[in-house]
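Student: Single-letter residue listing:
Protein chains: 2
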Amino acid sequence: MTRIILASRSPRRVQLLRELGIRDFEIIPSQSEEEPDTALSPEAAVEHISMAKAREVLSRAGGEGLIIAADTLVYLDGRPLGKPSDEEDAKAMLRSLSGREHLVVTGLALILDGRELSAAESTLVRFRELSEEDISWYVSTGEPMDKAGAYGAQGLGAIFIKGITGDFFNVMGLPLCRLAESLEELGTPLTSLVSEG
Amino acid sequence: MTRIILASRSPRRVQLLRELGIRDFEIIPSQSEEEPDTALSPEAAVEHISMAKAREVLSRAGGEGLIIAADTLVYLDGRPLGKPSDEEDAKAMLRSLSGREHLVVTGLALILDGRELSAAESTLVRFRELSEEDISWYVSTGEPMDKAGAYGAQGLGAIFIKGITGDFFNVMGLPLCRLAESLEELGTPLTSLVSEG
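Chains S and E supply the protein sequences, listed in that same order.
Last residue of the first sequence: 197 (this note's numbering), numbering continuous.
Last residue of the second sequence: 394 (this note's numbering), numbering continuous.
If you are wondering where the hints come from, they were derived from the structure by calculation, not from laboratory data.
Note that beta-carbon positions come from the ideal geometry of N, C-alpha and C, so glycine has one too.
Among these hints, one or two may not hold up.
To be verified - Okay, derived cross-link-like pairs now, EDC-like style, lysine to aspartate or glutamate, Cα gap no bigger than 20 Å in a straight line:
#, chain 1, residue 1, chain 2, residue 2
1, S, 162, E, 274
2, E, 359, S, 43
3, E, 344, S, 19
4, S, 162, E, 240
Unchecked claim - Stretch by stretch, here's where chain E covers chain S in the computed footprint (C-beta under 8 Å, at least three residues):
#, segment
5, 18-24
6, 48-56
7, 154-168
So here's chain S without its partners, still in its complex pose:
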């Protein structure tokens, strides 16, 4: 059985891997703190960050195995939205997303026995028009505070999303179809990583 390391502490990524039937993996959160390079395209920026994370974890983990790293950014009008600094900032972000489309980009980096592979996946997300009451209520639930763009695509934030174009799991932080395709490219199909039972 291949040793599998997820270079992320994101509960959503952990949950998504488990739902794919991958249960025997270690979690070694990356300590890499690269910021998005605004000179790069969103896709190139997240690919770069996710590979930096994978390499940083590889340098500490040692040994053979598969490292899975990912980095997700929210872009509005070409500029990255980080996590809100406080409730007023969260409200301002939600107002800026209301009734509009924005881009969620996830970089995926895999390292398997020295071979590196990275990819980026983009999803367009359309918000419905939010009222000030919607925004105040949502911020009061606390859900936006630790999330890039001030919303979560699962949980309560779901009711703001009119629709998407692209991979939904990408918005959650891990593009599952792309992960399966990339593993196949590395000669380790997902099915070979799934635990029995």
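Knowing the structure of chain S, use the given hints to seat chain E on it.
Tutor: For chain E alone, kept in the frame of chain S given last:
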């Protein structure tokens, strides 16, 4: 507090309502067994079926409150795909979806104190090309057997979905944004149904 009845036994719908913070609801699965009327559009067909479910449950539940019913169908080339009858049928369905787009349509019906409201939401789902190995493996997991179109958008089926256009939760069986908008139209915003704590 409004009495809330979900007219469905679908674990995904139960889970989605809970994730919205709605915890105090009864589950009374509909006994209505209407088949999709192929003379109608997919949207009109599922709206009709979901309202029939809501009315059937209302007739047994009695009293006041909010009834939430939904019906989800998978359409390929304009024809509904049901649940597979056996493993060979599941394989044939998956082959027919491979590398193509299909439509997932959910009808949503609400009845609140005698007032009826129904809607339909459509989502395009794009499958990647599936190999015979992908299909055999997926069918051997058992996941396709109780699902319309022979796949689940969460769980292992996720790795087949290249992307969607529309509401992801609609594919899971309950269009959450539409539900929130419909509740608002009925004068009972979702926030008024959310349990404290």
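Student: Evaluate each hint against the coordinates.
Tutor: The hints, checked one at a time:
The hinted pair formed by residue 162 of chain S and residue 274 of chain E fails the criterion: a straight-line CA distance of about 25 Å is larger than 20 Å. Of the pairs offered as hints, the one joining residue 359 of chain E and residue 43 of chain S holds, with about 17 Å between alpha carbons and a cut-off of 20 Å not exceeded. Of the supplied pair hints, the one linking residue 344 of chain E and residue 19 of chain S holds, its CA atoms being roughly 17 Å apart against a limit of 20 Å. For the given pair, residue 162 of chain S sits about 17 Å from residue 240 of chain E by alpha-carbon distance, which is consistent with the 20 Å threshold.
Counting residues of the segment 18-24 of chain S whose CB lies closer than 8 Å to any CB of chain E gives 3, which reaches the minimum of 3, so the coverage claim holds. With a cut-off of 8 Å between beta carbons, the segment 48-56 of chain S has 0 residues touching chain E; three or more are needed, and the interface restraint is violated. Here the segment 154-168 of chain S counts 14 residues with a CB under 8 Å from a CB of chain E, which clears the bar of 3, and the coverage holds.
In the structure shown, a violation is registered for the earlier hints numbered 1, 6, in ascending order.
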